[in-house]
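Next come the chains, spelled out residue by residue.
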Amino acid sequence: MLSETPDNETSDAARWARLIEAVAVRRDREAFAALFRHFAPRIKTFMKRSGASEQLADELAQEALFAVWSKASLFDPGSAGAAAWIFTIARNLRIDALRRQKRTPTSDTSETELEFQRDEGPLPDAGVAASEIEARVRDALSALPDEQMRVIELSFFHETAHAEIAKMLDIPLGTVKSRLRLAMARLRSLLDDFS
Amino acid sequence: MTVHHHPPDELLAMFAAGTLDLGQHIGVATHLVGCPKCRAVVRAMEHVGGAMLTGLPPTAMSDGALEAMERRLDETSRTSIPERRRGPAFRDVPGLPDFLNSYPDSPWRWIAPKVHLRPIRLPEPSATRVFLLKSSPGTRMIEHTHTGLEMTCVLSGSFVHAGGHFGPGDFDFGDGSVDHDVRINSTEDCICLVAMQGDLKLNGMIGRLLQPLIRM
Ligand SMILES: [Zn+2]
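Residue numbers (the numbering used here), protein chains in the order written: chain A, 1 to 195; chain B, 196 to 411.
The shape of chain A in the complex, shown without the other chains (with noise of 0.2 angstroms):
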């Protein structure tokens, strides 16, 4: 029923939005478990990468589990991406550890959380829902070409030199930067009809 290897991306979002709605509506244990068992593995990853010892890359992606357990009721399986979300919660997790190690001790982590919260609620300006800005994003960027894409994911968010990028996708310097600028740029462009 719930199967580690969904077969698209579609499916897959879908399946971890239904997952989360389930935790947030019935504290459901097995949809935790299954959310577990995808994500802790990758934010660990991910924590690793961002320079996090194994051990506390391990307690990083369990804080990053918990905390989806604790805001399952603040995900909106109509308008967010699952994904995406978990990703903002890792996000603001490393950004707390990495100030843990510069603050005073009495300082407060949750701060990180307030710092990103912007888009709570209708755009005034705008008078678009969030679940049709979602739609518009998800659009956006399923229309933007997958080498596209992937140099905005090494490039920003595995920081990843683009000399380095270059070497990695065994293209010229030159190309990595225009191939960034033009992906900016169309993705910007496809989001153009907001305000």
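In short, the hints are calculated from the structure, not lab data.
Please read these numbers as outputs of a predicted model, since none were measured by experiment.
Hints are not guaranteed to be accurate.
Derived DSS-like pairs (lysine-lysine); straight-line CA-CA distance at most 30 angstroms [to be verified]:
1) A:Lys167 / A:Lys48
2) A:Lys71 / A:Lys48
3) A:Lys177 / A:Lys167
4) B:Lys232 / A:Lys177
5) B:Lys232 / A:Lys71
6) A:Lys71 / A:Lys102
Starting from the known structure of chain A, fit chain B with the ligand onto it as the hints suggest.
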């Protein structure tokens, strides 16, 4: 409010990825308050983050991690998001992100004829300094940008320089290569949030901070 000047897309992507330092984060967040278009770009970038996350190779969790988590869930009822006490800190200034209201308040200080500055003290060390700048109508100044990146978000009023007209919601981004002759061209005060990268001492005088920025 019609926004004409937006942050570069790279900044929005870095914002979504969580790799900006806090000062720069505040600069971009302030723009996002008034710009649905850029909020959509950030959302799109978060979806890219989601795709990145699911595409990562898994690293095995420690033994018994799931079981330990399940025991923890047994002990926890549904947790609500803690409601933080928000001070009035910057509520008198329109268009700022709400989280700034938990930062310590600070008064406006006179720094030059017709120009006042109000520092925003960050809860962690940041390479980027953040402050509000209020200039009276007609003020002219040389915006002498720093060695690092500088973001200016207009909150109210407007100014004009060679790069164009900047009104509420607009984002002016300088990389330190250009000096602009800035003129406040609104009939009301022009209030901006400035996030400025620079190698300035934390305990330095505010005048010393601003000296290289503004010359009357
Ligand atoms: Zn914008």
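Here's how the hints hold up against the structure:
1. A:Lys167 / A:Lys48: holds (22 angstroms)
2. A:Lys71 / A:Lys48: Holds: A:Lys71 and A:Lys48 sit about 24 angstroms apart, inside 30 angstroms.
3. A:Lys177 / A:Lys167: Given pair A:Lys177, A:Lys167 holds - Cα atoms ~13 angstroms apart, limit 30 angstroms.
4. B:Lys232 / A:Lys177: Distance of about 24 angstroms is within 30 angstroms: holds.
5. B:Lys232 / A:Lys71: holds (27 angstroms)
6. A:Lys71 / A:Lys102: holds (27 angstroms)
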